[in-house]
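Protein chains in written order, with the working numbering: chain A, 1 to 340; chain B, 341 to 680.
For the record, the hints were derived by calculation from the structure and aren't laboratory data.
As the structure is a prediction and not an experimental result, all values here were calculated from the model.
Be a bit skeptical, because a hint or two may be false.
Counterexamples of contact, computed for chain A against chain B with all Cβ distances above 10 Å [said to hold, decoys possible]: (1) Thr29; (2) Leu98; (3) Asp166; (4) Tyr240; (5) Lys249; (6) Gly250; (7) Ala303; (8) Ala309.
Part of the chain A face toward chain B, derived, beta carbon under 10 Å [claimed, not checked]: (9) Arg9; (10) Gln12; (11) Ser15; (12) Thr106; (13) Gly185; (14) Gly187; (15) Lys276.
We put the beta carbon where it would ideally sit given N, CA and C, even for glycine.
Protein chains: 2
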Amino acid sequence: MNAVVNVYRGEQVESSHLGHIAVVDQHGTLLYSYGDPQRLTFARSSMKPLQAIPIVETGTADRYQLEPADLSLCCASHSGEPRHRQRALGMLERAGQLEATLQCGTHVPRHEDSYKELILAGKQLTPVYSNCSGKHAGMIATATHMGEDVATYLLPDHPVQQRIMDVVEDITGYPKEKIQLGTDGCGVPVHRLPLANYAWAFAKLAKPEAISNPVRRDAAKRVVEAMIAHPEMVGGENRYCTDLMTAYKGRIVGKAGAESVYCLGDRERGIGIAVKIEDGGARAINPVVNEVLRQLGIDLDGAWKELHAYTNPPITNMSGTVVGRIETTFQLKPENVSIC
Amino acid sequence: MNAVVNVYRGEQVESSHLGHIAVVDQHGTLLYSYGDPQRLTFARSSMKPLQAIPIVETGTADRYQLEPADLSLCCASHSGEPRHRQRALGMLERAGQLEATLQCGTHVPRHEDSYKELILAGKQLTPVYSNCSGKHAGMIATATHMGEDVATYLLPDHPVQQRIMDVVEDITGYPKEKIQLGTDGCGVPVHRLPLANYAWAFAKLAKPEAISNPVRRDAAKRVVEAMIAHPEMVGGENRYCTDLMTAYKGRIVGKAGAESVYCLGDRERGIGIAVKIEDGGARAINPVVNEVLRQLGIDLDGAWKELHAYTNPPITNMSGTVVGRIETTFQLKPENVSIC
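Let the sequences and hints guide you as you build the complete structure.
Right under this line is the structure:
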């Protein structure tokens, strides 16, 4: 049983989560694992940095003067704060497109004040409030720049999605014909690969010199540096992605995915880490990532300590009293095998 | 691996949930199991029908003219609809108490329109919006009727909680000294017992003649009949508890608990069922309960079919398109052992 997290009520375990972990270096060597490092996994929004690479490669970013903060928003599962919505709309505007071209659907944003304002103004949720609106704005801008059909940018055989498939194959090192597809929560194709290949991809994002194609290498570098420079665009206030990258001051690039996935890269050591909680339970993922960083000894005296609120989060009742806690239970297993 | 549910994205498994199931008859015989039927579990709000029994036993229900709908609300994790809030406030008023005596804390109610109304009126959430406000109103009314301190009704050694402990010991058949305590989301003590004992308790609620103490037997009967007569008070619109009891027209009494617990009793056969999803993932519980009912052959041509929306719920993306589904994966194992 590959338990990674116990959830306590008082001093007793109430619930527990299983999980899978892969730690891979830039050369494709699996260094550590837990559970099944080859688990076939939809990495969901953790793939947004890869999905953003064609925006640079195609020249779209230059054509529409995308700033680093814009490019960071293209990699975001943002909270729908005003700064996020304004940038997404701004990118569309520079590409000559309207909000209505966004096909991401919508949902109540994490940023409560933005939602309350909307209700008070008697307005309805629109697609720009979706946490994926930056990614979709980037896809639409790319299709526009390339003179492709904008109405069908979601479809797996659209050039926008085909270019993303090429990037995923190249950077994860996993052959296209073996990649299974599903549909993501925002309507775009989502790819299913072994967890270790996502870890390898993030090792390469952390050390783009490991990417052989020079145009792709530069594009990957530009995307990662945008996220590092503007972590507030990747998530928002009190969001783990934002706080993780802020605390590590450029050392770590990381991105969460739905169904409890996290992928991150250590730019100092050139290693990538990918985690999947088996049941998709969101509360388990941040404590597990923090514990992996601790076991790998990544800046324990500095940045890691700043993230303590995510390490053993308390369980509170509806009056705010602490009635339990979340604790990790795993020990990484050393490995030394190539996944290439 | 005791997997009970697979979550599919397209045709691939994205996440999965483990679980535990106990099916026990009114005499305390374990009939079927899956996973660990003796798993020590906090049943959380699934215990509300037991927590409501002292309201009747003490004469509180008669003293303050609690109607069956009020008593049903005392067993509820309600959605905070106007009908729920009005009844909770009405019970407090008849006991001569104010809303401020409720110590359940508060949270955004499931009933979206009620929350929007509150925001539009510029008001704040108050404790009556908590899904537990009916249970707390019942506890406060009981303390008032008994002349006990109202300010401390949450504490484990308060007579209100001690009477509940007596009921839990008696009806679950599990000795008080072995029961571990935690604090529930609403601040009251919550009990940790083997899953099979919860199933036995619900078998007794289904057939109260199995309860030896005649006062308790009548009180249990009155509580169960209140829930059966007013399932709309136990949950609300589009809530599984409400829809389950409505569909089965008096045959089933059931109550959900936080961290993915469900307890129910079949009043025709006199059996109780208790389910716990190991990771506490809410989406897994209703499909599992429906599948247990199917495997036990409980009214498959009638009520069961009406609940189809809960059996294999689709996973939709933010535009409402179906992109996956939830499917159960378990087969109950026949047993025939006494848990007494």
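**Violations among the numbered hints, reported as their numbers in ascending order** = none
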